[in-house]
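Engineer: The chain contents come next:
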Amino acid sequence: MSIDTETRPFAERVEERRAGACRMLALRTLVRDVVAIRGSFKVYPDFAAGQDLVQDLAVLLLDKGTRRRDRFAIAEALESRGAQLQFFSDGLRVVFSGRVLRDDLSEVLAILAEELIEPLFDAGEFEKARAQLAASLRRSMENTASQASAALSRRIYGRAHPNYQPPPEEDLERLATITVDDVRAFHAKHFGANDLTTALVGDLDVEAAEAVLRERLGAWTQGTEQASYAEHAEEEAPGRSLVPVPDKQNVDVRMGHGLPVRRQDAAYLPLFLGNFILGGNFSARLMSVIRDEMGLTYGINSSLYGISADYEGHWQVGVTLSRENVQRGIEATVAEVQRFVEGGATEAELAEKQTTVTGKFKVDMATTTGLAATLLRNAERGFDVGYLDRFPDEVSAVTLEAVNEAVRRYFHPDRFQLAMAGMLPDEGAV
Amino acid sequence: MQVIENEAGLSRDVPEAFTFVESSGGIEEYLLKSNGLQVLLLPEAAAPVVTFMVTYRVGSRNESVGLTGATHFLEHLMFKGTERFNKEKGTTIFNVLQRVGAQVNATTWLDRTNYYELLPKEHLALAIEIEADRMRGARISAEDLESERTVILNEFDRGENEPMRKLYHAVWTAAFVAHPYHHPTIGWRSDIEHVTTVGLRHFYDTFYWPNNATVSIIGDFDRAEALRLVEAQFGKIPSSPEPIPTVYTEEPEQRGERWLAVRQAGQLGSVMIAYKSPAALDPDADALDVLAVALATGKNSRLYRRLTDQGLTTHVFASASRFRDPGLFYVLAMLAPERTHEEVERAIGEALEGIKEEGLSEAELARAKSQLKAEEAFSRDGPFAVASRLNEAIAAGDWKLYTTYLDRIDRVTLEDVRRVASAYLVDERKTVGHYIPTRDD
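In the order they appear, the protein sequences are chains A and B. Just so we're aligned, residue -15 is where the first sequence starts under this note's numbering, counting upward by one. Just so we're aligned, residue 258 is where the second sequence starts under this note's numbering, counting upward by one.
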């Protein structure tokens, strides 16, 4: 097989194969020696019952030993090759990612399968993982950014939505009640080849990789239990949540509201571009006005947050403000957002951001890890590989009318929920 | 045009304005004869993108009392524009570059400041034009300085929110009393509050010259065309009218253990133990790199097994700084709930004593080298990753530290690791910091 070059479309360059239960997306590039791995499968935890915490524990324990090898032996098999392999939770899914040298790909894929299918879930390791997760939750309590984002999520979603983030105190209480048997049962019922996809990019032998995936993951059965989840936001009346975090001069502020939009909806791209014009990068309106002109913040942005093909997400404006500037900063931000929503974007702004997005799309795929992440995300959304070839044209084809129509229809700063965390100014001042 | 030969004996067309200096690991070094600008080229056509980067050999190491944070402040003002690229004309640097999808930013650290653009290859000329324009054309106005001052103060406050960052800076500040590695790169708050355009302009006029800079071009580009563009844009800039000042302050020998505590409201504590370590280009730094990996990278590392696996810590890191001047070798440990600073500090001390007495095993050395080798291969994945590593080598004083790194690591022996552990990890040159969370509101 000849080495692909970037001039051919993705639809021709990416090899999509069924390796039994595992869908493989493989792309050879000109990079030397390196292969990036990225994959995922759906586990459907019961969010309403707080089962996402059990999922987090299961994920933490995947690399702590299997039924064949203890944690040190399995780590040695990776570390002696310099290979990296990580697991994390992402809403309904468990994601795995890694980088390996070309000659080690088959062995590392075999280890990946062993960790996914046959984890040991040793009782002693479970206790350590639980302590580790407890420490991580406690450290998050002193992180103003994560506290503000989590507080906003609680104003927008109900407990059963994948984007809902419980208060850390609540998670800590629940964590104390989880047993290793809960984790084992969760793995037995929820882990499996549900929408299992693996993207491999770099200096790889596609045939050999497919053979290993078929042998090791091809016969993995589907998880038997799929809890239902909330697909829509469930908002409180507009209001605010204040999370006091002592000794923090910088206050993180988040404002936003739910968006009845999914990634595959026709409204998504115009809305994405509209949001980008407002707060997508350094030259967007919010950075330009609130940071560059007014000097009120180091960082401000807006984003379409937590939107997937499976559920809706929300629109969020995030700003970081020194304590003395909190009131002024919030007022100026809301005013700028309102000005944007009322006045809309201009032709020049749209044209600029269209080339920004299409150029950035190219730049983001300059690495094997960037390419693997893009291939996987595209597949998770249910899009064909050819969408990656069509995406720049689709972005360029969005009209100003469509952008401003989407902005008017979906963005409502008057419905903003507000959350902030840090050493808060006096009550009444904000 | 002149014809030069590279490592592989292949001829290259090079504009007359440049002198070919040398090549190593696929990177070619040229010098722009008219002004001393160093140019590094690494053609890699793996993707249709290119990284353009200017590294100025100025960082917080070059700052004095009253002007701490000046390098970083100036880096911010460099985005406020020039006569050609500015807000009034609708041509801010971010506008113009992000319009074409460029990833653009700048960073400041102890020994250097770098400005970079990662962009589709057809826009390389634009990046070169902008960086050349702002090398001598930055406006540095009083109005821009005032609006940016509060931005930087907010950046400062964000940093103050993070106890681990405060601990890290506190240890460096205690470990270095004379050398400018003493102060954090962002500067002291009062200096940020009071710095003037006069101070920043002086700083700019002292250090922002072609003979104090390195241009790196990495990715998919045509060599001769890229050099012609560099010549056209940077060739018109003269070299500095005065020699670039050198830093002559040396840190006096540390003759006793130093101890400090950082108290801030929070949940779980941490411990940092640091020892004076050699400058980046010293061969001993290679053995210390290997030691740092063997100590804390991966689940089979000494400190992971001794601390995290035993439930004493949640995370443990080790690193040997590779700066232009001597720095620190340090271990940073985040405490698990119910564990004390003292028991963690003691466990780290015992692990380090074990290395000094017995050294590493053959397997540990081999594993650490494999990890460094793989990391190096990963760092060649994409032009931006290469630029990031090359940038630090330039800052350390020799860009070839990047291209020869694996050879240097290959040469490290078991005896080297034991020798450097015994030579550097000594109490007389140790600084210990504890982050102690308080619960008061």
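Heads up, a few of these hints could be off.
30 Å max Cα-Cα, derived DSSO-like pairs, lysine-lysine [stated by the list, open to error]:
{"id": "1", "chain 1": "B", "residue 1": "Lys630", "chain 2": "B", "residue 2": "Lys556"}
{"id": "2", "chain 1": "B", "residue 1": "Lys556", "chain 2": "A", "residue 2": "Lys346"}
{"id": "3", "chain 1": "B", "residue 1": "Lys290", "chain 2": "A", "residue 2": "Lys346"}
{"id": "4", "chain 1": "B", "residue 1": "Lys613", "chain 2": "B", "residue 2": "Lys556"}
{"id": "5", "chain 1": "B", "residue 1": "Lys613", "chain 2": "B", "residue 2": "Lys630"}
{"id": "6", "chain 1": "B", "residue 1": "Lys493", "chain 2": "B", "residue 2": "Lys556"}
{"id": "7", "chain 1": "B", "residue 1": "Lys613", "chain 2": "A", "residue 2": "Lys346"}
{"id": "8", "chain 1": "A", "residue 1": "Lys112", "chain 2": "B", "residue 2": "Lys556"}
{"id": "9", "chain 1": "B", "residue 1": "Lys556", "chain 2": "B", "residue 2": "Lys290"}
{"id": "10", "chain 1": "A", "residue 1": "Lys112", "chain 2": "B", "residue 2": "Lys657"}
{"id": "11", "chain 1": "B", "residue 1": "Lys378", "chain 2": "B", "residue 2": "Lys493"}
{"id": "12", "chain 1": "A", "residue 1": "Lys173", "chain 2": "A", "residue 2": "Lys112"}
{"id": "13", "chain 1": "B", "residue 1": "Lys556", "chain 2": "B", "residue 2": "Lys344"}
{"id": "14", "chain 1": "B", "residue 1": "Lys533", "chain 2": "B", "residue 2": "Lys556"}
{"id": "15", "chain 1": "B", "residue 1": "Lys423", "chain 2": "A", "residue 2": "Lys346"}
{"id": "16", "chain 1": "B", "residue 1": "Lys378", "chain 2": "B", "residue 2": "Lys533"}
{"id": "17", "chain 1": "A", "residue 1": "Lys173", "chain 2": "B", "residue 2": "Lys344"}
These are calculated hints, taken from the structure and not from any lab test.
Engineer: Compare the structure with each hint and give your call.
Structural biologist: Do the hints match the structure? See the list:
no.: 1; hint: Lys630/B x Lys556/B; verdict: 18 Å, holds
no.: 2; hint: Lys556/B x Lys346/A; verdict: 36 Å, violated
no.: 3; hint: Lys290/B x Lys346/A; verdict: 35 Å, violated
no.: 4; hint: Lys613/B x Lys556/B; verdict: 21 Å, holds
no.: 5; hint: Lys613/B x Lys630/B; verdict: 25 Å, holds
no.: 6; hint: Lys493/B x Lys556/B; verdict: 54 Å, violated
no.: 7; hint: Lys613/B x Lys346/A; verdict: 50 Å, violated
no.: 8; hint: Lys112/A x Lys556/B; verdict: 14 Å, holds
no.: 9; hint: Lys556/B x Lys290/B; verdict: 51 Å, violated
no.: 10; hint: Lys112/A x Lys657/B; verdict: 43 Å, violated
no.: 11; hint: Lys378/B x Lys493/B; verdict: 24 Å, holds
no.: 12; hint: Lys173/A x Lys112/A; verdict: 23 Å, holds
no.: 13; hint: Lys556/B x Lys344/B; verdict: 51 Å, violated
no.: 14; hint: Lys533/B x Lys556/B; verdict: 27 Å, holds
no.: 15; hint: Lys423/B x Lys346/A; verdict: 38 Å, violated
no.: 16; hint: Lys378/B x Lys533/B; verdict: 43 Å, violated
no.: 17; hint: Lys173/A x Lys344/B; verdict: 58 Å, violated
Checked against the numbered hints above, the structure breaks hints 2, 3, 6, 7, 9, 10, 13, 15, 16, 17 and satisfies the rest.
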